[in-house]
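*Asks:* With chain A's structure known, arrange chain B on it following the hints.
These are the residues of each chain, in order.
There are 2 protein chains.
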Amino acid sequence: MAAFAWSPLRALMKKAGAEIVSRAAVDKLMDYLEEYAKTLTGCALDIAKHSGRKKVTATDILLSIDNRQKMKIAISLI
Amino acid sequence: MAAFAWSPLRALMKKAGAEIVSRAAVDKLMDYLEEYAKTLTGCALDIAKHSGRKKVTATDILLSIDNRQKMKIAISLI
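So the protein sequences, as listed, match chains A and B.
Last residue of the first sequence? That's 78 in our numbering, and every number before it is there in order.
Last residue of the second sequence? That's 78 in our numbering, and every number before it is there in order.
To be clear, the hints were calculated from the coordinates, so they are not data collected in a lab.
Don't take each hint at face value.
Since copy identity is lost for identical chains, a pair holds within one copy or between any two.
As the list claims (entries may be wrong) - 27 Å max Cα-Cα, derived DSS-like pairs, lysine-lysine:
#1 Lys28 with Lys15
#2 Lys15 with Lys38
#3 Lys54 with Lys38
#4 Lys28 with Lys38
#5 Lys15 with Lys54
#6 Lys14 with Lys54
#7 Lys49 with Lys15
Everything numeric in this text was worked out from a predicted model, so none of it was measured.
Chain A with its partners taken away, still in its complex shape (with noise of 0.2 Å):
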């Protein structure tokens, strides 16, 4: 089962300004958000972890977040 439905995703696209939409366009931004969601979960559940937690808190999905982009910024400089 997909994370994220169709219709939604195409709703939300339109409101961002996208009046026409390739479907293929809307496959691909859905396929991304899902492994972007999965990887900021697993981010955040080892950040949980490592505070002694077995339960993911908003704050470990915000530093996840943080995390993240700092990351790819050290990533792409080395």
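*Replies:* Same frame as chain A, but now just chain B:
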């Protein structure tokens, strides 16, 4: 209306290994993904317009993902 439904995102987080997750963590991830999707769509729309098209394609989405990562790096170096 939210672009992404709560339960499928929660299921995706579980699939990524997060067994116990606060409601706020799911909400936070959802908000972030929605904002990110809007931004990426806006970038893709600009790319489509620049190419003289009204239709946003999958390659516009791919290029906007790639561009956005490069821009983040550039901003961090200012």
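*Asks:* If a hint holds in the structure, say so; if it doesn't, say that too.
*Replies:* Hints, verified against the model:
1. Within a single copy, lysine 28 and lysine 15 get their C-alpha atoms as close as 18 Å, and across copies as close as 20 Å, so both meet the 27 Å cut-off.
2. For the identical chains of this complex, lysine 15 and lysine 38 are neighbours both inside a copy (25 Å) and across copies (8 Å), given an alpha-carbon limit of 27 Å.
3. Proximity of lysine 54 and lysine 38 under a CA criterion of 27 Å is satisfied intra-copy only: 17 Å inside one chain copy versus 32 Å between copies.
4. When the C-alpha separation of lysine 28 and lysine 38 is checked against a cutoff of 27 Å, the pair qualifies both within a copy, at 16 Å, and between copies, at 14 Å.
5. Taking identical chains as interchangeable, the C-alpha atoms of lysine 15 and lysine 54 lie at most 27 Å apart only when they sit on different chains, with a minimum of 15 Å there against 37 Å within one chain.
6. Taking the shortest Cα distances, lysine 14 and lysine 54 sit within 27 Å of each other only across copies (12 Å), while inside one copy they are farther apart (38 Å).
7. In this homomeric assembly, lysine 49 and lysine 15 come within 27 Å of each other (Cα to Cα) only across copies, at 17 Å, whereas the closest approach inside a single copy is 38 Å.
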